[in-house]
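Could you build the full structure based on these sequences and the hints that come with them?
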Amino acid sequence: MSTTTPVMPQPTYADKPTHSGTQYNQEPTLQVPQPIYADKQTYPLHTQDPSFQSNSPEFINRSISRTPSPTPSETDLLNGVRRQRSLNEWLRIIAVLVIVVVVIILIEVFHNKIVDALMPVSQWLHRITAGWLIPIVVLIALSFPPLFGHEIVAMLCGLVWGLGAGFGIVAAGTIIGEICTFFTFKSCLSRRGAKLELTSLSYGTLARVVRDGGLRIAVIARFSALPSHFTTAVFATCGMPFWMFLVSAVAGLPKQVALVYIGVALGESGSKSNKVQKGVTAATVVITVLAMVYIRRLMFKARPEVVYSRRKARQAKLLEGEQV
Numbered sequence: 001m002s003t004t005t006p007v008m009p010q011p012t013y014a015d016k017p018t019h020s021g022t023q024y025n026q027e028p029t030l031q032v033p034q035p036i037y038a039d040k041q042t043y044p045l046h047t048q049d050p051s052f053q054s055n056s057p058e059f060i061n062r063s064i065s066r067t068p069s070p071t072p073s074e075t076d077l078l079n080g081v082r083r084q085r086s087l088n089e090w091l092r093i094i095a096v097l098v099i100v101v102v103v104i105i106l107i108e109v110f111h112n113k114i115v116d117a118l119m120p121v122s123q124w125l126h127r128i129t130a131g132w133l134i135p136i137v138v139l140i141a142l143s144f145p146p147l148f149g150h151e152i153v154a155m156l157c158g159l160v161w162g163l164g165a166g167f168g169i170v171a172a173g174t175i176i177g178e179i180c181t182f183f184t185f186k187s188c189l190s191r192r193g194a195k196l197e198l199t200s201l202s203y204g205t206l207a208r209v210v211r212d213g214g215l216r217i218a219v220i221a222r223f224s225a226l227p228s229h230f231t232t233a234v235f236a237t238c239g240m241p242f243w244m245f246l247v248s249a250v251a252g253l254p255k256q257v258a259l260v261y262i263g264v265a266l267g268e269s270g271s272k273s274n275k276v277q278k279g280v281t282a283a284t285v286v287i288t289v290l291a292m293v294y295i296r297r298l299m300f301k302a303r304p305e306v307v308y309s310r311r312k313a314r315q316a317k318l319l320e321g322e323q324v
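Numbering (the UniProt record's numbering), first residue to last: 1 to 324.
Hints may be right or wrong, so weigh each one.
To be verified - Calculated pairs, BS3-like style, for lysine-lysine (alpha carbon to alpha carbon, straight line, at most 30 Å): (1) K275 to K195; (2) K278 to K301; (3) K301 to K312; (4) K195 to K312; (5) K255 to K278.
In case anyone wonders, no lab produced these hints; they're calculated from the structure.
Right, dumping it as structure tokens:
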């Protein structure tokens, strides 16, 4: 029985010409089909897409269409990284603290001498006609930042006119001065405030908290450690309605009562008045610190929204420049 051997298919070979003088053919060469390539433009090695070129319109449009990344300062703000203060900044802070402590010690030690020195001023204000208008005018002038000294005038009113009349004078000067400051900043510095929100992270977060918090935050800010004329400037530039500002200003008048009463206690002698004065001072400090801590906590929560708004503002500016 014969066995059939399978025959493998043979590849096709190209016919090669014979060499002259020989009768044998060279070994055939296998023909390999050549690939067919589509027509493509040659690009640089680092990219195969012209839209990724940094100077191409496609790349510019693609970059503008996405929200810009946070800046290093914004990244630090989101991560809770605090900027290290310079030596000069620490020296200024220490100087302010030393001045405050020295003033408190001097008032406590030279209490009677301070009252005796202010008695001629007190008598003069009582003698002249409409002497109560003088502290009102002074309080109106001191309502514009960066002037200070409102607390000293309030204590002087308590020392000269007592608790009732002194508080009325301080309340009138405070409200009128705050109204003048509000409309001045609202009419002249609103655009400047809007720019400051985009350049200052601390101011931007405070403005966002005030704008989103409404009347409740406005009243709490009045009791915080923030100066009243500074909060008024923020209220005016962040678009707060006038009625809301006025209600918060009136609601913050009890803080002025404490200052007037401290002045009243300075003019009185006795251990009871001293105890009441210290109690009022301690309560005022505690309320001020608690209000400030609450405001700072809200500012911390508002950081992501503020950073995102700043990024979108930069994107809008890029789009505006591209259209121009």
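Tested hints:
1. K275 to K195: Distance ~48 Å between K275 and K195 Cα, so the pair is violated.
2. K278 to K301: Violated, at about 35 Å.
3. K301 to K312: This hinted pair holds, its Cα atoms lying about 19 Å apart.
4. K195 to K312: Given that 30 Å is the threshold and the Cα spacing comes to 14 Å, the pair holds.
5. K255 to K278: Satisfied, since the Cα-Cα distance of roughly 15 Å is no more than 30 Å.
Against the hints set out earlier in the document, violations occur for numbers 1, 2.
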